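Participant: Grab the two chains, each in its own frame, and use the hints to assemble them into the complex.
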Amino acid sequence: MDTAIRVHGLRRSFGDVEAVAGVDLEVGQGEIFAFLGPNGAGKTTTIEILEGFGGRDAGEVEVLGVDPAHATSEWRQRVGIVMQESPGEQELTVRECMELYAGLYKAPRPVDDTLDLVGLDAEAGAKITATLSGGQRRRLDVALALIGDPELIFLDEPTTGFDPAARRDAWKMLDGLRELGKTIFLTTHYMEEAERLADRIAVIAGGRIIDEGTPATIGRRDIAASEILFTLPPGTSDWELPDDLLALMQPARRDGRIELHSAAPLADLGRLGTWAEGRGIEIGELEVRRPTLEDVYLRLTAEAAGVETEEVA
Amino acid sequence: MDLVLHVTRFQLRAFLRNKRARMFTLVIPLILLALLAGVFHGGETTVNGVKIDYRQFFVPSVVVFSLTLTTLAMLVATVVNQRELGILKRRRATPMPAWALIASQSLTVILMAIGTVALLLIVGAVAFDVRIPTDGWPALVLGVIGGAFAFCGLGYALSTFADSADSAQPMIQLITFPLFFISGIWIPLSELPTALQVIAKIFPVEHVADLVHRAYVGAVPTGPVLLDVVILLGWAVLGAAVAAKRFVWLPPRRG
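From first to last, the protein sequence lines are chains A and B.
The numbering of the first sequence is numbering that gives the first Met the number 0, which starts it at 0 and goes up by one.
The numbering of the second sequence is numbering that gives the first Met the number 0, which starts it at 0 and goes up by one.
I should point out that these hints are in silico values taken from the structure, not numbers from a laboratory.
In this text, all values refer to a predicted model and were calculated from it rather than measured experimentally.
Even glycine gets a Cβ: it sits at the ideal position worked out from N, Cα and C.
Among these hints, one or two may not hold up.
Here are the simulated DSBU-like cross-link-like pairs (lysine-lysine), alpha carbons at most 30 Å apart as the crow flies [what the hints assert, rightly or not]:
#1 K105/A with K126/A
#2 K171/A with K105/A
#3 K244/B with K88/B
#4 K18/B with K105/A
#5 K126/A with K88/B
#6 K126/A with K244/B
#7 K171/A with K126/A
#8 K88/B with K18/B
#9 K50/B with K200/B
#10 K88/B with K171/A
#11 K244/B with K200/B
Every beta carbon over 10 Å from chain A, so not counted as near; a handful from chain B, in silico [what the hints assert, rightly or not]:
#12 L2
#13 G37
#14 I174
So here's chain B without its partners, still in its complex pose (with noise of 0.2 Å):
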């Protein structure tokens, strides 16, 4: 366990200084916040026959937007360039054990998500008065660790399915984009036609945003919680076990 906070330490702050990855972790979601909240300020939607204001509806869903984002596409990315850079032969050529090492991994994600959360719920708090109610918490908790392990089971699962970074990025992007769409963050899920919606319930996305949604507003949920919470482990469960049987840690022979 000490190896894992040993290398996590050393992820964070590579992190940190790879403008790419402050980008795409905190830079993105906190202009997205700040365009969806501001334009759409006093206007209301309709949620399951509930109304609600549209910060309201929008602060969990730059939340949920950016959770994935930085859990999925930051791993999927970070394990393909790792790969096709070496970096995980050298580290699975020390005695760090293969758990530890995805451990690692998954756990610098995993901080880097929680900070952006957070960061993005003092924002939506202080710039736009989005606050959660006390009887909010457990769901929001349950929401992010939930898509954590989730995203992190399919991102390694996704990274077996590229050998370049260049290849990843547009990977990622075909199905969080879509997903994101039918996922009842831009668009309530009750505004879709039944069809999406059954379909986004077979993913996880919809699951995270039912949960952090359910954070915020009591009443917007789309299902019971135990769903949510069966359906993001099934994912966790199904990438964990794909990447089991398809992880390599060589980079991809040239020639």
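If we strip away everything but chain A, and leave its shape as in the complex, we get (with noise of 0.2 Å):
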């Protein structure tokens, strides 16, 4: 696989603060890459790079074969981005802004294939963009980024403030960029989103890569243990629970629920029934799950923080 983004030993400070300290990247071309972490963790500083709008004190960037700190016109007619929240210019109508980006490409897309692509129909394109609704307004942004035809396009948080329908419709969009073949640097703070689009996922904190994986290997998911969440009946104690099984139980409980760690759910399942068809009573609310990503993004961040913490004290 050809590399799109190729990142190695990445640093920026602002002031005294390391934004960026000692980032390594690489997405390969056609590969939708997910970037996710906290605010503040160096995301926005990092993508900024990479777009050719940030300098940077140490490292190597390359981007489509280029150093986008020396960012030409020939590398920006192959890069798309958009970014957060951008109203647009307002008094133009969706389909003249359209036409005013055209205008800047050597070989855009045609204008009515690309509001097709992105889901604005022919009655948003006489519209104004002042009375677009929020999720046209994202629309338009990804179409005015597709306008091009690039390579590459960054998408930063492109379905917050969606409601969960307009996001569900935006996944759709963003599958057929993946068939158009376009390799896609995705930030987001929806894990439903990483795990739904991404082929693979980096995880910054504290201005370092914490973690790095598909969306099923991420954080050793597909090894971490299981968790069985269930209730007991009223009159029964937890510590009544066979001692093999106490050894797994969660100190706090989770909605209400107690909460086992199981590397073997299987086995532990069967005892939990064995014990319980023993005493005669019914387990309530009985529930198995793998830990979800959002489980495992929200353990990595935490870990991290945690890890500053000590380094500060």
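Facilitator: Shown next, in the form of structure tokens:
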């Protein structure tokens, strides 16, 4: 697989604060890459450097074979950028906006085609930008980033502020981009979105990449313990559980339920069942689940925050 | 250059659809012209010892006033607004080179300014019978072009000192209104204390005023044409230098 983005040892400080403290990244051509991290983790600084908008103190960066610090007009032909929130040129219609930007590229995509792709129909095309709904405006943002027919697209929080239905539509649209073979560098705060769209995920915290992998494997999610959740009937105390299950019990309840972390969920469930049957009680609200991407993400970022505090102390 | 014209075309269209922009560039100057020329009809004022008709004084004054507002104020408002909304960043993210972006923004306000000035000249001539003598045209052209350069340069410099459209507005008023008063457009320069006259001569508005008044009334001028041109170009260069050092494309960071 050819490489679209290659970053090695990237550093950037603002005053005393090291926003990016040695980041390594690699994104393959045609890949959808999700870049996750809490606010202030160095996400925006990194993206701005990749987009050719920010300087750096150290490190090597190559985007489509070019150092974005020396972004040429030629390079900009090949890169599309969807920023966080941008209301656009308020007085122009959607179609005029598209024509304005189409005129800045050597070989733009057809305007109608592109509007179709993002799901803005003819009716919306005639509307003044200022009157669009939030979801429509975001589609316009994406359409404007696509109009130059880029190979690589930066999508910064594309669905923030969307209602669930609009988010599903947006995902379909991004699937369409995947089929076009575009490389997509995505940031989002919605783990469901990253899981649904991304081929690969990197998590940044405190200016460092703390983990990297596919949505299924990140944070050792594939081999992490399953969670068994249940309640006991009134009159039965937690402590009456067999010892080998008690050893797996988490100290805090989760949504009012007992939580066991199990590396062998089938065997442990069997034990639980035999025990309950022997006592003639029913286990309530039983659920067995693998850790979600959100669980893994929260654990990773919490661990990173913990490490940092220790370092300071 | 094609790029510049392409973007300028769309920007002009957006401008003309914007109520506030129309108000600023067309309505206010016209109202001002009607008020001043209408109220002070028949009177005379003395400029540098020369008696001239009030209307002959005020029509060019309104031209200078609106030229300044359309170029300087509109440019600052536009640039700051576009930066705040991320439009500058989006444009910069396209293959369009930075110079073309700057040129198209400047060209947009300059074309707007030329349109307004033309409108004022026509209204001045038709409604108030104040015309430019044939030999006054070079001075007018020089004034409009010199002013446009100086105010665009200055506009880009000033745009780096405001990070939102809301804070740009009062800043521009704070700068332009005192300048209007000391620059011989509402009150003839010769009526002001010498100290103020000297201060006025440092800033660009007075020199645009001098050139435009010169176009209408050959005798009014308060200094050599060369001085006007040098000072205006000086401000253009100074503004461009400050902007080159301070200008940013990205919107201010939120948190």
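Participant: Are the Cα positions of K126/A and K244/B separated by 30 Å at most?
Facilitator: violated, 39 Å
Participant: Find the nearest Cβ of chain A to the Cβ of I174/B and say whether that gap is larger than 10 Å.
Facilitator: Consistent with the label, I174/B stays out of reach of chain A, its closest Cβ about 26 Å off (over 10 Å).
Participant: K105/A and K126/A were given as a pair; does the straight-line alpha-carbon distance stay at or below 30 Å?
Facilitator: holds, 26 Å
Participant: Is the hinted pair K171/A and K105/A satisfied, with a Cα-Cα distance of at most 30 Å?
Facilitator: Within the cut-off at roughly 28 Å; holds.
Participant: Checking a non-interface call: every C-beta of chain A should be farther than 10 Å from the C-beta of L2/B. Is that right?
Facilitator: violated, 6 Å
Participant: Taking the minimum C-beta separation from G37/B to chain A, is that value above 10 Å?
Facilitator: holds, 33 Å
Participant: Straight-line Cα separation of K18/B and K105/A no greater than 30 Å?
Facilitator: violated, 34 Å
Participant: Is the straight-line distance between the alpha-carbon of K88/B and that of K18/B 30 Å or less?
Facilitator: Answer holds: K88/B to K18/B is near 25 Å, not above 30 Å.
Participant: Between K88/B and K171/A, is the straight-line Cα distance small enough, at 30 Å or below?
Facilitator: holds, 27 Å
Participant: Do the alpha carbons of K171/A and K126/A lie within 30 Å of each other, as the hint requires?
Facilitator: holds, 23 Å
Participant: Do the alpha carbons of K50/B and K200/B lie within 30 Å of each other, as the hint requires?
Facilitator: Measuring from Cα to Cα gives roughly 22 Å; hence the hint holds.
Participant: Are the Cα positions of K244/B and K88/B separated by 30 Å at most?
Facilitator: holds, 18 Å
Checked against the numbered hints given earlier, this structure breaks hints 4, 6 and 12; the rest are met.
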